[in-house]
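Chemist: The primary structure of each chain is shown beneath.
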Amino acid sequence: MGPSKVALYVLFVLSPLVVAAAAKPFTDKPFLYEIGRGAALMGFMILMLQPVLASRFKWIESSFGLDILIRFHRNVAVIGAALLVIHPLLFTVVHGFGLLISLDVPWPVYFGRAALLILAVNLFLGFYLLPRGMKFERWRIYHDFIGPTILVLAFIHSYFQGHDLKETPALRILWIGMFGVATAVFIYHRIIRPRLLARQPLQVKDVRRETEDVWTLQLALPTGQLPYSYHPGQFHFVTLLRTEGLPVEEHHWTISSSPTEKGFVTSTIKELGDFTATIGRTKPGDPALAHGPFGRFSYTFHPEEKDLVFIAGGIGITPLRSMLKHMHDTRCSRDVLLLYGNVAREGIVFYEELAAIERGSLPNLQVVHVLKDPPDGWTGETGRIDAEMIRRYVGAGKPGNGYYLCGPPGLISSSIRILKSLGVEDKRIHTEIFSFLD
Amino acid sequence: MRKIILRKTTVLVAVVLTLAAILFASSRYFPQKSQTLRAQQQASEGHDHSEDHGHEENGNNEVHRTD
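Residue numbers (the working numbering), protein chains in the order written: chain A, 381 to 818; chain B, 2 to 68.
The reader is advised that the hints may include incorrect statements.
Unchecked claim - Part of the chain B face toward chain A, derived, beta carbon under 10 Å:
| hint | residue |
| --- | --- |
| 1 | ILE5 |
| 2 | ARG8 |
| 3 | THR11 |
| 4 | VAL14 |
| 5 | ILE23 |
| 6 | LEU24 |
| 7 | ALA26 |
| 8 | ARG29 |
| 9 | PHE31 |
| 10 | ARG39 |
No lab work stands behind these hints, which were simulated from the structure alone. Note that the structure is a prediction, hence the values are computed from the model and not measured. Ideal Cβ placement from N, Cα and C applies to all residues, glycine included.
Take the sequences, apply the hints, and build the full model.
Modeler: This is the structure:
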């Protein structure tokens, strides 16, 4: 399904070229000018499809995983920006550089200039400031304002200035349709859906401390039902509506419970930032909104895989705990090796539970704890999960086995490199990318 | 794995769109150009014809004159 959805996306982007070329097969303009026209038409379509990519539609997300879809949204933003920047530059072959700098231009050109300027600001925020520590929630507020502004400016500019649109009614209909779709999707995603979710709020049932800085929130509907079913290893977006003036922000967290645990859903959260530092102050009874599930990081999506190797670092254990609990409850007969790295013994999340599953008969689980700062008397592995350790435990990469990695980016990238050197196929290595930013 | 596919897909989309822009421009520009060339050629042929005719005439004249 994935490739056909990508093909559909490309067809949408190319559609105005087909309409324009059919309506007006000849030109009296230079070749480069026509490339500029083509770039403008495709750039507009990319802009209008951006809200569709980012609005968490299950039909689209289910083929790729939301983390990949959001990254695609970011990547095509760059392609779209390049096309939109190229078009006025190529138009200078006819209109001269006055098109770029002159004040004596038709009024829609000002809208185009403004759209490009704000698009540049948007890219600067997303690709420069955000990875350098800009607060995600602040960026998101800017993005929610900047994104629609660009779409409106681009629509006005192209509708009133584009020669192909002036001469081709079918193109004008396409333009109005795409702008309408983009607007409707944005309004649904940012205004209507949150209100629909608010009609069916969950409640915090329990707040449990797992380690010094890790908490598990248990959420459920008052009826004891869940608003959605999920696969072990998936994640959801949660908005905690707490009292005491605590911040109200939407965050995406892995679902650490298993679908076999009925009537509730849990997320296990590490205190990593300003917001998550307040998780421990959440009270049972606090309402919460949840939107999900999302993600493709689950062994249930790969029934063809035989035995499994899990590699986790720190809080990266959460989706793996969900999968192990699911395997345990469904009497899954696979062999599972878990390499789990932490700094100290006190930082190991789900230590007792993992030990209990390991003691049980199914799945045939072997847990290998790796500690950077082991306590006295520690007999397990020490240091980091490195090449030598992975080779020692995993051996030669067996065809058909599945490898699931979750943790800090450094651990994931080094593990992928090592597994590939052991002959593991790319398609058998599964990763969950916590952040949508890297 | 998924990141690699994403990277390849992004590159593929960029390549397809670039080729599409070139194809779009070509489909409009080159028929026009070939039409212009054809018109120029026809005009040129017409001119040549008249020149040939002139030559013939001149030739004839010359011939006549020679004659």
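Chemist: What hints, given by number in increasing order, does this structure fail?
Modeler: Checked against the structure, the only hint that fails is number 10, while the rest are satisfied.
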